Every structure is written in structure tokens, then in C-alpha cells.
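The listed protein sequences derive, respectively, from chains A and B. Position one of the first sequence corresponds to residue 1 (the numbering used here), numbered consecutively onward. Position one of the second sequence corresponds to residue 211 (the numbering used here), numbered consecutively onward.
Honestly, the hints are just simulated from the structure, not real lab data. Since the structure is predicted, the reported quantities are computational estimates derived from the model, not experimental observations. Mixed in with the good hints there might be a few duds.
[What the hints assert, rightly or not] Just the calculated beta-carbon pair ranges, DEER-fashion:
hint : chain 1 : residue 1 : chain 2 : residue 2 : range
1    : B       : L254      : A       : D72       : 50 to 60 Å
2    : A       : R82       : B       : D276      : 24 to 34 Å
3    : B       : M220      : A       : A159      : 31 to 41 Å
4    : A       : R49       : B       : A369      : 22 to 32 Å
5    : B       : A377      : A       : T198      : 20 to 30 Å
6    : A       : D94       : B       : A377      : 54 to 64 Å
7    : A       : G169      : B       : P257      : 53 to 63 Å
[As the list claims (entries may be wrong)] A short list of chain A residues far from chain B (calculated; beta carbon distances all over 12 Å):
hint : residue
8    : D56
9    : D94
10   : P120
11   : R162
12   : R210
Don't be surprised by glycine CBs; every beta carbon is placed ideally from N, CA and C.
There are 2 protein chains.
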Amino acid sequence: MRIAVLGTGMVGQTLAPAFARLGHDVVLGTRDPAVTRARDGWDLELPLRPFEEAADGAELVVNATDGRASLDVLARVGAALRGRVLLDVANPLDFSRGLPPSLTTPGDDSLAEQIQRAHPESRVVKSLNTVNCKLMVDPSRVSGDSTVFVAGDDPEAKAVVRDLLGALGWRDVIDLGALSAARGLEMWLPLWVGLMSTLGTTDFNLRVVR
Amino acid sequence: MRIAVLGTGMVGQTLAPAFARLGHDVVLGTRDPAVTRARDGWDLELPLRPFEEAADGAELVVNATDGRASLDVLARVGAALRGRVLLDVANPLDFSRGLPPSLTTPGDDSLAEQIQRAHPESRVVKSLNTVNCKLMVDPSRVSGDSTVFVAGDDPEAKAVVRDLLGALGWRDVIDLGALSAARGLEMWLPLWVGLMSTLGTTDFNLRVVR
Chain A
1 MRIAVLGTGM VGQTLAPAFA RLGHDVVLGT RDPAVTRARD GWDLELPLRP
51 FEEAADGAEL VVNATDGRAS LDVLARVGAA LRGRVLLDVA NPLDFSRGLP
101 PSLTTPGDDS LAEQIQRAHP ESRVVKSLNT VNCKLMVDPS RVSGDSTVFV
151 AGDDPEAKAV VRDLLGALGW RDVIDLGALS AARGLEMWLP LWVGLMSTLG
201 TTDFNLRVVR
Chain B
211 MRIAVLGTGM VGQTLAPAFA RLGHDVVLGT RDPAVTRARD GWDLELPLRP
261 FEEAADGAEL VVNATDGRAS LDVLARVGAA LRGRVLLDVA NPLDFSRGLP
311 PSLTTPGDDS LAEQIQRAHP ESRVVKSLNT VNCKLMVDPS RVSGDSTVFV
361 AGDDPEAKAV VRDLLGALGW RDVIDLGALS AARGLEMWLP LWVGLMSTLG
411 TTDFNLRVVR
């Protein structure tokens with residue numbers, strides 16, 4: 001399928017080629033393609049488009065932007081989000097007061113819900129935000145199966161994301177129900193950051209054990 | 211050692227006899243012992259004292275009260291907390307707006323830190339708040355080892371808690387460092403509640419896999 005990956009930081013740079021390797025038709029969205037292409041070390045061969053154009057014709061749009069910029073970026077994309085499945089992997093982290101980070105969202109809201117409210121005709125699914133981007137596309141980086149989650153209000157949109165997760169190698173996928181469960185998924189991040197500091201690696205995840 | 215368990219709800223009723231079975235000298239603290247003893251179904255043989263007296267002579271004080279009441283209860287205990295290891299297993303959950311719950315603390319604070327600030331001469335350790343109380347005292351309720359955490363500013367106090375965790379059967383204990391890491395541990399709860407709803411059980415936990 002046609003996938004637009006918005007954001008050319010570490011997350012976008014990792015997701016886009018992984019989706020392309022799975023056989024998808026991938027376009028990267030960025031603020032200014034010329035600036036991104038001129039970046040030291042930029043070596044992705046995938047098409048680069050301004051945010052305003054990247055989502056045109058995409059069946060799946062992936063928000064891989066910095067959580068603090070996501071709402072602004074998606075406002076630029078605007079009408080092209082109508083009807084689209086919008087996979088939100090971003091986190092609204094605020095490191096301005098040091099560690100542990102806090103979230104920019106209040107406790108009764110989430111970035112995913114803010115995006116859904118701003119784009120009511122899109123179909124937002126929160127997933128993959130609970131792991132580092134290298135693990136997103138290669139769950140075998142940790143030993144055995146570990147868990148990822150999906151949350152969203154549209155069952156068909158979640159099915160599209162679950163198919164993609166399966167293709168990436170995720171076998172333990174828990175559907176938490178409505179998009180409001182994204183609050184818990186985003187609130188996991190302060191603990192994730194604490195674990196990263198303690199373990200000295202980003203190659204870890206949680207496994208839900210019963 | 212002498213352990214004072216503050217709170218006679220499900221958590222206190224589960225922790226206190228488990229500590230007694232390990233050979234500790236356990237006292238339960240409650241608002242009004244006569245009222246607690248008269249409660250339908252109350253069958254614990256352990257000493258019941260008013261909060262004001264329960265912590266006298268205790269080496270370890272356990273905050274097993276409802277997170278919304280914890281600061282008030284601990285204010286009653288007052289001076290008896292000086293120098294004590296204070297194991298905080300409570301969560302500042304707010305269910306007043308339905309599910310998912312939010313937290314009563316802002317994102318750059320935690321109940322554990324509020325308790326530490328209110329009682330600077332106590333030595334607060336956050337632990338066990340990430341699992342259901344039955345699992346707290348019997349980690350074998352889930353398959354294989356799962357993970358619990360400790361966070362606190364006093365290494366000796368953490369060692370006391372780690373010994374107790376070991377005696378309860380916890381083998382995978384991760385020390386997240388300073389008490390500020392309690393923020394991440396408390397922010398795990400909205401995801402925990404979502405998992406409880408999805409899985410239909412409280413017998414689950416996370417395992418950190420690398």
C-alpha cells in the first residue's frame with residue numbers, strides 16, 4: 001500500500017525504509033525536502049515531499065514527528081488526512097525540566113486524542129510509541145516475544161495497523177480498545193526513559209505476562 | 211523486623227498477613243480500630259492500632275492507604291515516621307471521570323515525592339505499586355519471573371525493601387535510582403488499568419525483556 005511517513009528524524013528514517021523493504025510504496029514527508037536532502041548523512045533513496053503533499057493518495061499516514069510538533073505538522077497536511085488511517089507513533093515528551101521527562105498533555109488527554117479531535121475524519125491508531133524505533137521495525141532485537149499495543153476508535157483502521165505489525169514481526173499485539181487508551185501508552189514513556197537510563201540501552205521492551 | 215502496615219483495605223489486608231508469615235512482627239494501622247474490627251468479614255488476628263500509634267517502634271512503615279488519603283493519614287502518623295523506611299505502594303488514581311483513570315499528581319511530581327517532602331526525615335521507597343496486591347505477595351501467580359521496581363533517595367532504605375521483596379519471591383527487581391522515578395511507576399497505572407480491562411484479570415505483570 002501507499003504509506004506516507006511524516007517526519008525525517010530517527011523514527012521516520014527507520015520506519016520508512018523498513019516499510020519499503022516490506023514492499024510498500026513509501027513517501028517521506030518533511031518541512032522542506034531540499035533542506036532534508038542536504039542534511040549531512042542523509043542517504044535515503046525514498047521520495048521526499050513537503051508535508052503538504054506527502055499524504056496525497058496514501059492509504060496509511062504515519063505520524064513520526066516530534067510529539068511537540070505533531071499537531072502543527074498535521075495541520076499542514078490537512079485535508080489529505082480525510083478518511084486515512086493515521087498511525088501515531090509519537091510521544092508528547094517534555095524534557096525541558098530534565099529527567100524524568102513529563103508529558104505535554106494533561107492526564108485526561110493524549111496526543112493521539114488531540115490529533116483525532118483536530119482531524120475528526122481521519123482514523124487514528126496509537127501503536128509502537130512504547131518502543132525505540134529500531135525495535136519498532138525489528139522486534140527480534142530483544143529476546144523472545146515482547147508486547148506492543150494498539151488503541152483506536154476504528155476497528156478497520158486497527159486491522160490495517162495490526163497487519164503491518166505482523167509483517168514487521170510483532171506476534172504479541174494487545175488491542176486496548178478505544179483511542180483513550182493512548183493515555184496509558186503515552187504515560188508509559190517516563191518509565192521507559194528511566195529504564196533506558198538504568199539498563200544503558202534502548203533495546204528493551206515489556207512483555208505482558210499472565 | 212517490626213512492620214507497620216497503614217491501611218486496612220484490600221492492600222493492607224493482603225500485605226500484613228504475608229509479612230507476618232515471613233516472621234515479621236506486624237501491626238496494622240487504621241483510623242478507628244473498633245470500627246475496622248466490627249467490619250463484616252474482618253478476620254485478621256494481627257494487632258490493630260490507630261494510625262497515630264501504629265508506627266511506634268516500627269523499622270518499616272508501609273503506606274497501603276488509598277492514594278487520595280495517603281498524605282492525610284501520614285500527617286496523623288507524624289513524628290513516628292522520623293528515620294523510618296517508608297515503603298509506598300499506593301497510587302494517586304483519580305477515577306472520578308471514569309476510565310481510563312487519571313492521576314491526582316501533576317506530571318512533574320508523584321505521590322511518593324509528595325510524601326517524602328511532607329516527611330523529610332523519613333526514607334521513602336516506592337515499590338510494588340505496579341502490581342495487584344495478590345501478586346505483590348505472591349509473584350508466582352504469573353508464569354515465570356516478572357519485574358518489580360524500586361525507587362528512592364536512600365540506598366539503605368532501598369536495601370531493606372529489596373530484602374523484603376526477595377523474601378516474597380521477587381527475583382527480577384530493577385532499581386530505577388532516585389525517588390523521582392516514582393513518577394514513571396505511578397504513570398504506569400493507567401496502562402495497567404487498561405490491561406486489566408482487556409485481559410479480564412489482575413493476575414498479570416510486565417517483564418522487562420532485553
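Kindly confirm whether 53 to 63 Å is satisfied by the beta carbon distance between G169(A) and P257(B). holds, 55 Å
Range hint 31 to 41 Å (beta carbons of M220(B) and A159(A)) holds or violated: holds, 38 Å
Distance restraint evaluation - D94(A), A377(B), Cβ atoms, bounds 54 to 64 Å: violated, 39 Å
For the range 22 to 32 Å, tell me whether the beta carbons of R49(A) and A369(B) fit it or not. Hint violated: Cβ distance 56 Å, outside 22 to 32 Å.
Verdict on R210(A) as a residue remote from chain B, using beta-carbon distances over 12 Å: violated, 5 Å
Check the following: the C-beta atoms of A377(B) and T198(A) are separated by a distance inside 20 to 30 Å. Hint holds: Cβ distance 23 Å, inside 20 to 30 Å.
Interface exclusion of D94(A) relative to chain B, criterion Cβ beyond 12 Å: Label violated. Min Cβ-Cβ 8 Å, cutoff 12 Å.
P120(A) clear of chain B by more than 12 Å, beta carbon to beta carbon? At about 21 Å from chain B, P120(A) clears the 12 Å cut-off, so the statement holds.
Is the Cβ of D56(A) farther than 12 Å from every Cβ of chain B? holds, 35 Å
I want to verify a distance hint. Is the separation of the beta carbons of L254(B) and D72(A) within 50 to 60 Å? Holds, at about 57 Å.
Verdict for R82(A), D276(B) (Cβ pair) under range 24 to 34 Å: violated, 46 Å
Far enough from chain B: is every CB of that chain over 12 Å from the CB of R162(A)? Holds, since 15 Å exceeds 12 Å.
The structure fails hints 2, 4, 6, 9 and 12 (numbered hints given earlier, in ascending order).
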